[in-house]
Every structure is written in structure tokens, then in C-alpha cells.
Amino acid sequence: MGALAGRHSGTVLPVASVVGKLIDAAGKARCAVANEVLHDTSPNQHESLLPPAQIRNAGNAVDDCPSDAKTTRGDFGTQCCVFGSGKEKHTLPLFFDGLKCYYRMEAITNDELTSLPRIVLTGDAEYEPTSRTTTRRMNTDKIDWKRTMAFPPDDVLKHTLEATTQLIPVVEAESREIMRDHLKSRLSCLRYHRRRDRDYLDTFKANVKSVRGFQYFNLFCGEKSGYDHPVLMQRKSESPETLDAHFEHCGTPHTLKSDNAKEFKSKHFKRKLRKAQVEAKYTEPKHPQQNLAELRGGRLKHVVQHILLLTGAPAEYWCYCLEYVAFVKARTSKRVLNNRTSWEAEFGAVPDISKCRFSFWQPVWFYTPHGAFPRQRMMKARFLGFSPDSGDAFTYVIVTEPDDEKAHRQIFTRSVIRPRYPREDAPIVFKQGKSLEIYKRDERTILTAVSDSDFPPALSDRAHNPLPTIQEEPQPLDSVEEYEQGIEEVHGPRLQNDFVTILRPTKFYCVLIKRSFSRSLPRTHQEVLPFRLLKLSYPPNCTPKIKKC
Numbered sequence: 047m048g049a050l051a052g053r054h055s056g057t058v059l060p061v062a063s064v065v066g067k068l069i070d071a072a073g074k075a076r077c078a079v080a081n082e083v084l085h086d087t088s089p090n091q092h093e094s095l096l097p098p099a100q101i102r103n104a105g106n107a108v109d110d111c112p113s114d115a116k117t118t119r120g121d122f123g124t125q126c127c128v129f130g131s132g133k134e135k136h137t138l139p140l141f142f143d144g145l146k147c148y149y150r151m152e153a154i155t156n157d158e159l160t161s162l163p164r165i166v167l168t169g170d171a172e173y174e175p176t177s178r179t180t181t182r183r184m185n186t187d188k189i190d191w192k193r194t195m196a197f198p199p200d201d202v203l204k205h206t207l208e209a210t211t212q213l214i215p216v217v218e219a220e221s222r223e224i225m226r227d228h229l230k231s232r233l234s235c236l237r238y239h240r241r242r243d244r245d246y247l248d249t250f251k252a253n254v255k256s257v258r259g260f261q262y263f264n265l266f267c268g269e270k271s272g273y274d275h276p277v278l279m280q281r282k283s284e285s286p287e288t289l290d291a292h293f294e295h296c297g298t299p300h301t302l303k304s305d306n307a308k309e310f311k312s313k314h315f316k317r318k319l320r321k322a323q324v325e326a327k328y329t330e331p332k333h334p335q336q337n338l339a340e341l342r343g344g345r346l347k348h349v350v351q352h353i354l355l356l357t358g359a360p361a362e363y364w365c366y367c368l369e370y371v372a373f374v375k376a377r378t379s380k381r382v383l384n385n386r387t388s389w390e391a392e393f394g395a396v397p398d399i400s401k402c403r404f405s406f407w408q409p410v411w412f413y414t415p416h417g418a419f420p421r422q423r424m425m426k427a428r429f430l431g432f433s434p435d436s437g438d439a440f441t442y443v444i445v446t447e448p449d450d451e452k453a454h455r456q457i458f459t460r461s462v463i464r465p466r467y468p469r470e471d472a473p474i475v476f477k478q479g480k481s482l483e484i485y486k487r488d489e490r491t492i493l494t495a496v497s498d499s500d501f502p503p504a505l506s507d508r509a510h511n512p513l514p515t516i517q518e519e520p521q522p523l524d525s526v527e528e529y530e531q532g533i534e535e536v537h538g539p540r541l542q543n544d545f546v547t548i549l550r551p552t553k554f555y556c557v558l559i560k561r562s563f564s565r566s567l568p569r570t571h572q573e574v575l576p577f578r579l580l581k582l583s584y585p586p587n588c589t590p591k592i593k594k595c
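Residue numbers (the working numbering): 47 to 595.
Since the hints were made in silico from the structure, they are not lab data. There's no promise every hint is true.
Stated by the list, open to error - Cross-link-like lysine to aspartate or glutamate pairs, in silico, EDC-like; alpha carbons within 20 Å at most:
#: 1; residue 1: Lys321; residue 2: Glu309
#: 2; residue 1: Lys318; residue 2: Glu287
#: 3; residue 1: Lys270; residue 2: Glu325
#: 4; residue 1: Lys380; residue 2: Asp243
#: 5; residue 1: Lys316; residue 2: Asp290
#: 6; residue 1: Lys311; residue 2: Glu284
#: 7; residue 1: Lys311; residue 2: Asp290
#: 8; residue 1: Lys135; residue 2: Asp170
#: 9; residue 1: Lys230; residue 2: Glu287
#: 10; residue 1: Lys401; residue 2: Asp435
#: 11; residue 1: Lys327; residue 2: Asp290
#: 12; residue 1: Lys321; residue 2: Asp290
#: 13; residue 1: Lys318; residue 2: Asp290
#: 14; residue 1: Lys67; residue 2: Asp157
#: 15; residue 1: Lys321; residue 2: Glu284
#: 16; residue 1: Lys230; residue 2: Glu220
#: 17; residue 1: Lys313; residue 2: Glu284
#: 18; residue 1: Lys74; residue 2: Glu158
#: 19; residue 1: Lys316; residue 2: Glu284
#: 20; residue 1: Lys308; residue 2: Glu330
Nothing here was measured: the structure is a model prediction, and the numbers come from that model.
With the hints as constraints, model all of the structure from the sequences given.
See below:
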């Protein structure tokens, strides 16, 4: 073992004066005395260090330059040490093994102690170097691990060190003699969760800039887990920043493989991989099939294009659709994973899909508490996706859908939303006396008319109970003209600005024919609208009671 092997800076060695038998390169033996030395009593110690500075401090000369090498003056080295002066001067040639110069040392006997010539290697004056290092070296050994790990058995400690990593041998606080605080964050490679997986990376471009200004995205694909993580970018030069986002979300893989794009071989990109202890691999040029992200990214784009086409969503919302598809696909079972999800394979936890209540671009209502009169507090919107960093788990990203097509859409994060039917309007509230009457239009509710003394006699009996059971197919009712004629026979001719509403029940909803509301409309402008009426208000003396089934 080498000098001070197995020792660290915390080891205390006594200062002593020692004597031994020194043999030079000529084979001559001498009694060597060394003062102010550190005495290591370990039986495994087989070397000693002889500092040239301490030898010169005792008045001796050292020339450790090999005889076949030149000094700075251009002369060949003498490869020797000179001890003493005058008649006591001894010139001892040094051994040289191609790496270092040395003398052989042996234990000295009592006879040799008196018979051999004596030389003094180092003086007996207290040796204090003129400069002192301010760095402490820490190299914790097996005994330190045994103590810090609560003294496990030796075999357990051995397997523990094999089953774990020790990436940080020393930190600055341990290596500085004079302690100080640190301002910069440190040990970045330990911030992330480390995974036993290989990730693939590729960049994709969209020909339409998204509403958030994105035109590129980097796709990280896990090889074993099947997990796809897209990170949106405005420019290709943002690729190094996507590494931080991916490592924070998924953790660091042992290898990241990509193509030979210049942004993946930049110094900034490689520096981030080195700090995270991730090995960089690259595909062979002109062989895109070696990059798994090429295939998985194409499939992801195909699903996004299909959803945008199916829902009729504007193309500039592709960034939200991409995140929505990646979110749903990560929570969809895969046959290659034994019908488990890639989220579980990636993070080890069973995902919850309770909040997957809406599809992309689905019409929804959202609640706005600051709606000023006459604005409704229920506003129309479209579903965009799930909010990753706002509110609780049931917080969503929506975009408003104003009635005016030229109005500007706004993107909000809201938790109070519910589905909306395409032709559904917000509830309308009227104050009738001391009660409030609510009108709600809808496409799915069945209405049942209840007999009333004021109901027009021209209506057939089927109108009083048009749908006795849901399974029964309703018969066609009287024409609209009969309804209007019956109302006029009972209540007289209709005024110009009367509100006349007639119900025609069908199997699954009631068709509301609105002739006029606050003003007279020509017959050609009649609207046929599906309604769900929580309470229906007619003009005075014409109020049939309608209730919800």
C-alpha cells in the first residue's frame, strides 16, 4: 500500500523522531535519522514520503532529476541527495523506476545502529511550513459508511454500497478549512429522480403558430415505459431548456438518444446532460428508424390532427390538443405493458382518471363570479385541457366562446364548469310577482303537460299526456294552426306584440315554436328550438302548467 493509504484528513498521527536502515542505489547502507515526521504504526504501511523541502530545510541538497533527463538549466540530473558537509558529507544516489526516485528502507538492528555511518535526513527543529493549505480532503472509507449507516453487518454494508450510488464524494462545506455560505444552488445531479430507462428525443415543427406562440415541440419517449412527454418551444434553440422541464417532470434516464441535430450537440445541451449524469447517444446519420421518438411522434401528431378535424377546433389550438392527447394516452392501458398504463410504468403509481370528464373542444359552461348586469354569470366556453399547476385536480383550461364571432376569445383556468349542448342557452330568470321563473333550453328533456282548466279546448287529449312512457312512440299532434285557432277561440285574437309559445312533444325532447318575443316576427322567421323548461310562463289567462319528467 502507498504512503498514508486508508487515511483521510481527519486521521491524527503522532509526530516522532525515527531511525532506520537506508540503502542507496549503489547498495551501500547507512543509519538514517528523521526528525519531525508523522509516525504511522499501521502494519499495512510499506512506503514513506520524504519531502524534499523538509530535507533542504535541514541543510541538505536534493537532486531528484533522473540521470537521463535534463534539468531546467539544460544539464543532466545527478539523481542523488547530499547529506552533511565536510568530512561528514555523504552523497547517496537514488533509485529510479521510471516513475519516481526513492531509497530502500529496512528495520535497523542494534549492531547496525552503532556500526553504520549516520546521516540526518531532517532536522530536529520544529518544522512548520511557510504556507498552509486551506483545503481539507474528505475521502470517507468503509468504516465511515459503517458508522453513518447505523453499523450494519459487513456483508450488508457491502451489498448496500453495490446497490446504491455515491455520486458526490465531497461537498464544499467539508473541504473548506474556513467555512462560508453558498449562494449558488449545488448538487444539481441529485435533484432529479433517477430512472432505469433510456429516453429518445426528437424535434417536431408545426406549420401554424399556436395561440401561445409555440411552433415546435420536443418529444421525450421512454423506451421501457412507453411514456411520451412533449415539451413545447417557440424556437429550436430552446432545446436545452426542455431538458430541465423533462428531468423535473419524469426524472433523469441513464441514457438520452437523439438524432444529430446541432441543437442536441451544442455545448449548452451537453453541459446539462453532464450535470445530470445522463449519457448522450446519437443515431447513425440518415437512419431515422433508430430513433424511437420519430415513430411515436408521428402517431401523436396523427391523433392531434384527427381530433382537430373531428371537433372543428381552430388549428392554432394544436398546442392544447397535443398536451391533452399526451395526458390521455399516458393513462390508457397498453398491451405491451400487460394492460397497464405507461404512467404507472413511468412513475410506479396507478393513475386516477376521475377528472377526464370532458373531450377536447367540448362545449361547456363556466361560472364567472364577477359578471355585471346584464351579463350572465354562466358563460359559454370550450374545453382545452387540464391545468397542471393551478387549483385542485379538477381545474381545467377553457377558452371562451362569445356569441359574436368577431369577438376576441379568452383563455381561462376554471374549476366550476359543466357540459353544454351546442344549441343550449344560459338560463333566463324572470320575476313574476314574488317568485322567480327560470327558463332553460336543452336538447334531451321530456316534458309532460298537466291538465289545466285554462288549456285551449281545441287541443287533443294526447296533448295533456303526450308521453305516458318513454318506450311508447308518440302520435302526431294537431297542427300548429289548430293550436293557434284554439287559443284565439278561448282568449280572442292575438295582439301584435303578444308572446305566443306552442309546444310540440316528440320522443326525446319538446320542440318550442316561438312566434314572437317582445316584437312581431313574420311567419317565415319562426324558430324551432329544443328546450328544457324548468318553469314555463305564458301571458295572463293562458298559462298551462308544464312540469319536468
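Exercise. Okay, which hints does this one fail, numbers in order?
Worked result: Those not satisfied: there are none.
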